[in-house]
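*Asks:* Single-letter residue listing:
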Amino acid sequence: MSGLEVGGLRAGYGAVRVLHGVDLVAGEREVVVVLGPNGAGKTTLLRALSGLVAARGVVRVGGTPVLGLAPEEIARRGVGHVTEERGVFKPLTVEENLRAGAFARPWPRRGVDDDLARVFTYFPVLQAHLRQPAGTLSGGEQGLLAIGRALMGRPKVLLLDEPSRGLSPGLTGRLFQTLAAVAGREGATIVVAEQHARAASLVAHRVHTLDGGRLAA
Amino acid sequence: MIGQVVHGLGSGAVYAALALALVLVHRFTGVVNFAQGELAMVSAYVAWQLVEAGLSYWVALPLTMVVAFAAGALAQRLVMRRAGDAALIMTIGLYVLVHALAAQIWTSALRAFPDPFPGGPLGVAGPLAVVGAVLALLYLVIRHSGAGLTLRAVAADPRAARLAGIRVGRVHALGWGLAAVAGAASGVLVAPVVFLEPGMMGDALVSALAAAAVGGFANPVAAVAGGLLIGVAETLAGTYLWADLRVVVPLAVLLALPAVRAAGLTRVRA
Numbered sequence: 062m063s064g065l066e067v068g069g070l071r072a073g074y075g076a077v078r079v080l081h082g083v084d085l086v087a088g089e090r091e092v093v094v095v096l097g098p099n100g101a102g103k104t105t106l107l108r109a110l111s112g113l114v115a116a117r118g119v120v121r122v123g124g125t126p127v128l129g130l131a132p133e134e135i136a137r138r139g140v141g142h143v144t145e146e147r148g149v150f151k152p153l154t155v156e157e158n159l160r161a162g163a164f165a166r167p168w169p170r171r172g173v174d175d176d177l178a179r180v181f182t183y184f185p186v187l188q189a190h191l192r193q194p195a196g197t198l199s200g201g202e203q204g205l206l207a208i209g210r211a212l213m214g215r216p217k218v219l220l221l222d223e224p225s226r227g228l229s230p231g232l233t234g235r236l237f238q239t240l241a242a243v244a245g246r247e248g249a250t251i252v253v254a255e256q257h258a259r260a261a262s263l264v265a266h267r268v269h270t271l272d273g274g275r276l277a278a
Numbered sequence: 207m208i209g210q211v212v213h214g215l216g217s218g219a220v221y222a223a224l225a226l227a228l229v230l231v232h233r234f235t236g237v238v239n240f241a242q243g244e245l246a247m248v249s250a251y252v253a254w255q256l257v258e259a260g261l262s263y264w265v266a267l268p269l270t271m272v273v274a275f276a277a278g279a280l281a282q283r284l285v286m287r288r289a290g291d292a293a294l295i296m297t298i299g300l301y302v303l304v305h306a307l308a309a310q311i312w313t314s315a316l317r318a319f320p321d322p323f324p325g326g327p328l329g330v331a332g333p334l335a336v337v338g339a340v341l342a343l344l345y346l347v348i349r350h351s352g353a354g355l356t357l358r359a360v361a362a363d364p365r366a367a368r369l370a371g372i373r374v375g376r377v378h379a380l381g382w383g384l385a386a387v388a389g390a391a392s393g394v395l396v397a398p399v400v401f402l403e404p405g406m407m408g409d410a411l412v413s414a415l416a417a418a419a420v421g422g423f424a425n426p427v428a429a430v431a432g433g434l435l436i437g438v439a440e441t442l443a444g445t446y447l448w449a450d451l452r453v454v455v456p457l458a459v460l461l462a463l464p465a466v467r468a469a470g471l472t473r474v475r476a
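In order, the protein sequences belong to chains A and B.
Everything in the first sequence is counted per this note's numbering, starting at 62 for the first residue and increasing by one.
Everything in the second sequence is counted per this note's numbering, starting at 207 for the first residue and increasing by one.
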């Protein structure tokens, strides 16, 4: 079974439980949207999947169990995570940011230049600012750069935390069209956490709501 | 006067290289490495052993750099890796450990170290060239290699680097290794001046700490400039005022720093 399988995922911070048993199965080329108000645990769910937050349960990526591994090892097994902070390397140029993303791939890293070209077809604005420090980009552009950097790792599963933040409604719509194309062409599973349903739901194969620490269809 | 300035640049080159090492470790792993001087001292012993074994100085030097890189990376992997919040204390422990090991292996006898550079005012060009070459090498690696890219990514945002699949622990070891190369340059440059012995880097470390502080332990160029400046200031103070004054020069530089900062002469790069 390819894609992402999550079973009975429980996670929290210290004594505070946030996730009480999340189940989720998503296939290749699927876009899954997780909705929920602020504080529902969307961010915690994505952090648990990428290893930033300790969790119990089962997480399999392309059939390989990844729960309990360090974040860099989970990334190397095909999980790309664009956090809500974006986390672009601000002093590094746009191109350096993208090339750094390729370190998630196993050695030898062939085809990095081809991947760069493909990322530019998704996000042409990045090519226009190639030699610029990432910190000089607008917030929205930094979000696109973070997605592009994650794609450079050729992820099997791409986790996006509120990718619409900082984007106008028009740009948000275009971003989700692009993400749908990315899922199809890269063969990736994309999990999007969003507060607002509209734009995301248009391209989503499935929409779940995170409520009380569990996912509802 | 000019002779004294030139002489000061010679010891300044030593401080500059060691300060550069301190800045590299601090920028890439966030800790001030008090053991940096002791790693440099061991490198000087390695160079001495290689020359004693019959190698030419100019063969021994690059070999020493390779050994220093491995030793620095190994120190990070074996000692620093699990230090966590106690990292600063751990570098002091490493200082004691390395010092004791060196005294055990080589005793504390003073040994003459080969000086490949001619004496006189022109001789100072040698140390400066060695430091310049190490600087250029480190610049190339950090700015223009894949390994350097991982270093800069980790320095910019360690969490994002991990999410990009970069193995932060190995990158820290790489940073320590590169810093040890810069430190080794300071060790082999100071050894002919002060004689080879386990305590030989003590004074240089104090001056290098002050030099690194000039750039807020973050700016390599400011650290190198600070090292040269302190070298010249020490020599002038020791010659024209009184000899013992040279030891307080690094302290004076540290005290003057807030004023220098306020004047905007150095900028700290995050």
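Hint data in this document are derived by calculation from the structure and do not stem from the laboratory.
What you are looking at is a predicted structure, and each value in this text was computed from that prediction instead of being measured.
Fair warning: there could be bad hints in the mix.
Stated by the list, open to error - With a Cα cut of at most 25 Å, we get these calculated SDA-like pairs of lysine to any residue:
id	chain 1	residue 1	chain 2	residue 2
1	A	151	B	374
2	A	151	B	292
3	A	151	A	125
4	A	151	B	257
5	A	151	B	438
6	A	151	B	442
7	A	151	B	209
8	A	151	B	401
9	A	151	B	308
10	A	151	B	238
11	A	151	B	255
12	A	151	A	192
13	A	151	A	196
14	A	151	B	316
15	A	151	B	320
16	A	151	B	461
17	A	151	B	451
18	A	151	B	284
19	A	151	A	131
20	A	151	B	358
21	A	151	B	344
22	A	151	B	345
23	A	151	B	462
24	A	151	A	119
25	A	151	B	375
26	A	151	B	260
27	A	151	A	232
28	A	151	B	346
29	A	151	B	454
30	A	151	B	324
*Asks:* Residue 151(A) and residue 320(B): Cα distance at most 25 Å?
*Replies:* violated (46 Å)
*Asks:* Holds or violated: residue 151(A) with residue 257(B), Cα cutoff 25 Å?
*Replies:* Outside the cut-off at roughly 46 Å; violated.
*Asks:* If you draw a straight line from the CA of residue 151(A) to the CA of residue 316(B), is it 25 Å or shorter?
*Replies:* Not satisfied, since the Cα-Cα distance of roughly 49 Å exceeds 25 Å.
*Asks:* Given the proposed pairing of residue 151(A) with residue 454(B), does the C-alpha separation stay at or below 25 Å?
*Replies:* At roughly 39 Å apart (the allowed maximum being 25 Å), residue 454(B) and residue 151(A) break the hint.
*Asks:* Is residue 151(A) within 25 Å of residue 209(B), Cα to Cα?
*Replies:* violated (45 Å)
*Asks:* Below or equal to 25 Å on CA atoms is what counts here, so check residue 151(A) against residue 308(B).
*Replies:* violated (42 Å)
*Asks:* Sort out whether residue 344(B) lies within 25 Å of residue 151(A), counting only the CA atoms.
*Replies:* Cα-Cα ~21 Å, so holds.
*Asks:* Straight-line Cα separation of residue 151(A) and residue 358(B) no greater than 25 Å?
*Replies:* The given pair, whose Cα atoms are some 10 Å apart, holds under the 25 Å limit.
*Asks:* Going straight from one Cα to the other, do residue 151(A) and residue 232(A) come out at no more than 25 Å?
*Replies:* Given that 25 Å is the threshold and the Cα spacing comes to 23 Å, the pair holds.
*Asks:* Is residue 151(A) close enough to residue 125(A), meaning Cα to Cα at most 25 Å?
*Replies:* violated (33 Å)
*Asks:* Keeping to a limit of 25 Å between CA atoms, is the pair of residue 151(A) and residue 375(B) held or broken?
*Replies:* Between residue 151(A) and residue 375(B) the Cα gap is close to 21 Å, so the pair holds against 25 Å.
*Asks:* Does the alpha-carbon distance linking residue 151(A) and residue 284(B) stay inside the 25 Å limit?
*Replies:* violated (31 Å)
Comparing the model with each numbered hint stated earlier shows that hints 2, 3, 4, 5, 6, 7, 8, 9, 11, 14, 15, 16, 17, 18, 23, 24, 26, 29, 30 do not hold.
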